[in-house]
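Quick note on my numbering: the sequence shown kicks off at 1 and runs consecutively.
Because the hints were derived from the structure by calculation, they are not lab data. There could be a bad hint or two in this list.
Straight line, CA to CA, 25 Å or less: simulated DMTMM-like cross-link-like pairs of lysine to aspartate or glutamate [as the list claims (entries may be wrong)]: (1) Lys270 - Asp357; (2) Lys241 - Glu188; (3) Lys128 - Asp189; (4) Lys270 - Glu309; (5) Lys221 - Asp353; (6) Lys169 - Asp415; (7) Lys270 - Asp189; (8) Lys389 - Asp311; (9) Lys128 - Glu188; (10) Lys241 - Glu314; (11) Lys128 - Glu161; (12) Lys148 - Asp108; (13) Lys148 - Asp160; (14) Lys396 - Asp54; (15) Lys221 - Asp300.
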Amino acid sequence: MFPRSRPLRRTLALATPLALVGAVVVAASATGTPADTASDRSTGPEVVGTAVLDEIPLAGFSNSLIPGSVRDDRGVHLGIGSDLYPADRPGEFWALTDRGPNGQIKVDGVKRRTFAVPEFNPAIVRVKVTGERVQVLRGIPVTTASGKAVTGLPNQTGRDEAPFTFDAKDPLSVNPNGLDTEGLARAEDGTFWLVDEYSPSLVHVSAKGRVLARYVPEGLKLRGADYPVVEALPSILLQRKQNRGFESLTVLPGGDLLMAVQSPLLVPDKAAGEASRNLRLLRFSPEEGEVTAEYAYRLDPVTEVDPAETDPAELKVSSLVALGPRTVLVQERTDRSSRVHRVTLPRGKGILDSRWDDPATSPSYEQTADLAGAGVNALDKRLVVDFGKVAGVPGKVEGIAVAGRDTLALINDNDFGMTDGPDAFDGNGRLRDSGLNTTVIHVRLPGPLRG
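Generate the whole structure from the sequences, applying the supplied hints.
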């Protein structure tokens, strides 16, 4: 189905000692899941498997799903690091692209959002991890109700970042169908749920990739989409920071969905949002078609997550993993490091429909340092693992999945090998690859995840 992949030419950009590389090769099993013998146990978390995605030209992949959709991929290869969800066979996962290769270039001191391949279409990708290789088994394009590509372009002029060509010289048109797909979960009926950073939105997709419904904040007024748009999310989400909508999603036993806003909302303004550590998690009932709870979550200080970072605006939540009906793993990260906490979801609707959902409340939820003193019960957290202290774990991990009783599988976002700035492409408009691969890492913990 897919074009033959080229031999890997990029180096694995991981800080992995040679001794650990040898241990990884020995520990990885034929199915891509880590070996589990008592003799391999250590006192702390350790990488027990590292596999690299096949190097597949982006045009070949896209055109195999939607023929003729991409004329020129500018030398870009496929990246699928936006999320990871277990499939029904050992060593196999569902992965996800985002909106496609994009970057930023300053023009007259102002950053412009560039789209290297503007016709690229987001896709759900089934992969198999075998030893040191991540193999693409199947791709499902995300399409509109009439079967057309949704694309990854922004939706609304003025609200979303304005799109430009790869060199930041020419503006591109917005597309109300466009999705910046991030979190992924598969329902028992075989359909998929995705979250999107633009609106932010929750998107229900058929098993074949067709958008069945897109749930957006009340008052968004998204017009012209070729699929149903339902204003069912709290209007306070309209205050999301650009490029920081929803990035994480999980399905709870029973079918409810849990999603997190990637960063604090900009309430009442950008300065307050970027200084805040107060995040919002939302529970959505597919049966009722509405949000049924909103949970307060407080991020760790940024220096605890990443000792090299001082700006709290660099903190974000990129992955959620359900362990039970009320138990969830929450990943907090910067682009260099991340930590995972276990939280228990309380009964009730939390802060949903409270004064904290009113943007006129002063001080706002985002401005409140003492949540308990303000009567807000933030989710209790217990640290499970600090990936910044585990040799062999890359930066920018955006997807986490359970891969065993005591093992997590991680996937990193390599940004399609792109970097920001005018030197991302050569004089012929071909990508200067960053050398960073998409990798799936298995990390074994000292104890069971559900303990």
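Quick rundown of the hints versus the structure:
Between Lys270 and Asp357 the alpha-carbon distance is near 17 Å, which keeps this suggested pair within the 25 Å criterion. Distance restraint check for Lys241 and Glu188: the Cα-Cα separation of roughly 33 Å exceeds the 25 Å cut-off, and the hinted pair is therefore not satisfied. A C-alpha spacing of about 22 Å is found between Lys128 and Asp189, which places the hinted pair at or below 25 Å, so the restraint holds. As the CA atoms of Lys270 and Glu309 are separated by approximately 19 Å, the hinted pair is consistent with the 25 Å bound.
Among the hinted pairs, Lys221 with Asp353 is consistent with the structure: their alpha-carbon atoms are about 21 Å apart, no more than 25 Å. Our distance criterion of 25 Å between C-alpha atoms is met by Lys169 and Asp415, whose separation comes to about 21 Å. Simply put, Lys270 and Asp189 have alpha-carbon atoms about 41 Å apart, too far for the 25 Å limit, and the pair is violated. Proposed proximity of Lys389 and Asp311 is supported: the alpha carbons are some 20 Å apart, at most 25 Å.
For a cut-off of 25 Å, the pair hint linking Lys128 to Glu188 stands: about 21 Å separates their Cα positions. Distance restraint check for Lys241 and Glu314: the Cα-Cα separation of roughly 12 Å lies within the 25 Å cut-off, and the hinted pair is therefore satisfied. A hinted pair counts as satisfied when its Cα atoms are at most 25 Å apart, and Lys128 with Glu161 does not qualify at roughly 35 Å. At roughly 36 Å between alpha-carbon atoms, Lys148 and Asp108 are farther apart than 25 Å, so this suggested pair is violated.
A distance of roughly 22 Å separates the Cα atoms of Lys148 and Asp160; the hinted pair therefore holds under the 25 Å criterion. Pair hint Lys396 plus Asp54 holds up; C-alpha atoms about 19 Å apart against a cutoff of 25 Å. A threshold of 25 Å between alpha carbons decides the hint, and for Lys221 with Asp300 the separation of about 35 Å lies outside it, so the pair is violated.
Checked against the numbered hints listed earlier, the structure breaks hints 2, 7, 11, 12 and 15; every other hint is satisfied.
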